[in-house]
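Given these sequences and hints, build the entire structure.
Read top to bottom, the protein sequences are chains A and B.
The end of the first sequence is residue 98 by numbering that gives the first Met the number 0, with every number in the run present.
The end of the second sequence is residue 504 by numbering that gives the first Met the number 0, with every number in the run present.
Since the hints were made in silico from the structure, they are not lab data.
Some hints could be false.
Reference excerpt, derived from the structure (chain A facing chain B, CB under 10 angstroms, subset only) [to be verified]:
1. 7
2. 21
3. 38
4. 48
5. 54
6. 56
7. 60
8. 84
9. 88
10. 89
Output of the computed footprint for chain B on chain A, the stretches with three or more beta carbons under 8 angstroms from beta carbons of chain B [unchecked claim]:
11. 27-37
12. 41-47
13. 64-77
Built from N, CA and C at the ideal position, the CB exists for glycine as well.
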Amino acid sequence: MTQDLFYSICGIALFGIGLYGLLIPPHILQKILAVNVMGTGVFMVLIATAQSRAPAIDPVPHAMVLTGIVVAVAGTALALSLVCRIYALSDDTEQDAGR
Amino acid sequence: MSGLSLPALLPWLVGLPLLAAAASFAGQRWVAGRWLNAVGAAAQLALAVLVLWLLAAGDSGLGQRYTLGGWGAPLGIDLYIDGFAGLMIAITAALGFVLSLYSCSYFTEPDQAARFWPLWWLLMVALNAVFLAADAFNIYVTLEILGLAAVALVALQGGRPALQAALRYLLVGLLGSLCYLLGVALLYRAYGTLDLAQLGQLVHAAPLSWAALGLITVGLLLKTALLPLHFWLPPAHANAPAPVSAALSALVVKASFYLLARFWLETLSAATTAQGLQVLGVLGAAAVLVGSIQAIRAQRLKLIVAYSTVAQLGYLFLLFPLFGRPSDTAGLGGAVVDAVAYFIIAHACAKAAMFLAAGNIQRAAGHDDISRLHGIARRQPLSLFAFAIAGASLIGLPPSGGFVAKWLLLNAAIDAGQWWWLITVIAGGLLAAVYVFRVLNLAFTDSAEQPPAAEAQPVLPRLLPLGAFALAIITVLLGFNALWVLEVLDIGVPPLQLAADGEAL
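Laid out in structure tokens, this is it:
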């Protein structure tokens, strides 16, 4: 098994773990973290792809990952601010606020 | 054609709303300036009309491409416009203009207006960029801008139900985007390019292509809210402010459908199978039935309209089985694409009119619980009239745009020799009649135990019912101007495909 294939499979596994975390546990913070884990999995597949055209390293997937990180930060921030707002409007933290 | 070149205008379709977003953010405390947003929307409409006119006047009959920064594919990012994209941009700009005018008098609180306008313009940026994108990764970025702006707009309504709907919408959107991005990553790994046209030539049936197609499809279906992935749509669309609901139902869900059509019928068509196309059609037919039945059972006016969107989106998916697997040289064109594109436009106008009318009724009555809306026709005649016309278009009664759209769809189904889809189209129309007449019936009857309360009725600004009415009129006018719309659609379709269609007919 080549190195880049190994990392790709790990990335897809991370994507799967994140998917489980998003769909199954009821807590909203877990879901938001799970989305980030899924994103990391995708980024890992992309980084491995950059490596797969050895000996040269392809910079395009790196640029995609950088953009993806920015998007992930923005999405996470929006989700957390929505959670804070919902929390402020209610006194029950363990609500299943979304899925 | 001196000086005016079409490709050079394309970046402005994205740049103009982006400038407006920045300007409305910088000048957000300047309350009197909110009418400038309507001027901006008029400018966007003028630009879209100019682009569409240049596209239709071009004698080559080909799509137009603009290479940002002169880099060109595969390294650079290209913008591409053909008839389908041009019409989507035109309908976005036209609805954007009417909805902007409406929003000027809907958001009268300075705080609300200051938060609304930058997000609204970002939504326009993202929609135009999605329709112009010729690059798979660029589509991911534009989808995320679209998703984040739409979620923030839903959350503007405040209150727990809207915020929870927004949060659910956000998580579903992020899940959809990540599935899409993983699909794009697999495509890049297999073929080494992100340009849609280049991918279209390289893609062949292989396990990696199938995996990528599956992931992209699931991601975009989540965003298009096709049954059974529609659970997030009704709360999000029903709890948003009225102009936002209208834009979400009329335009935003169509953007991801547009991408699905591009991927399935153009870029990745080599990896699709006839069974896969049929499955999408069956899911669409199921969505028509289930969405309509849930609309009939809903107890809130805006929920009825939102479930109606779930149902109407189902019709669009008949595109896939009726179009079939295209040959190698085929573009996105022909009678079936005409029918579906026309359906998108007719539904966009009708649904926007309906959401604005429902929003007016909700604002005037203070609620939208339909069991307490007896006799609303007397107090909100113009809004209810708009609701009725839009409803007639959804049912498919002549002479509305919805009638022409369904007629084209029925013809396409018969031409394709797949008559069983006719049952769906006709049953969907009857079910739509049930939920539209349920509202109209209540609106025109005075309830015995509840005399119409005259005291606590706020007076609506005149522009609010007029906005809904204007859209309803456009819906009817569409029914009379079908031919021109269909001509524009054939731009960018290779002539081979047209000839083949001619023989089939």
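Here's how the hints hold up against the structure:
no. : hint  : result
1   : 7     : holds (8 angstroms)
2   : 21    : holds (6 angstroms)
3   : 38    : holds (6 angstroms)
4   : 48    : holds (4 angstroms)
5   : 54    : violated (16 angstroms)
6   : 56    : violated (14 angstroms)
7   : 60    : holds (7 angstroms)
8   : 84    : holds (6 angstroms)
9   : 88    : holds (5 angstroms)
10  : 89    : holds (6 angstroms)
11  : 27-37 : holds (count 5)
12  : 41-47 : holds (count 3)
13  : 64-77 : holds (count 6)
Violated hints for the displayed structure, listed by number in ascending order: 5 and 6.
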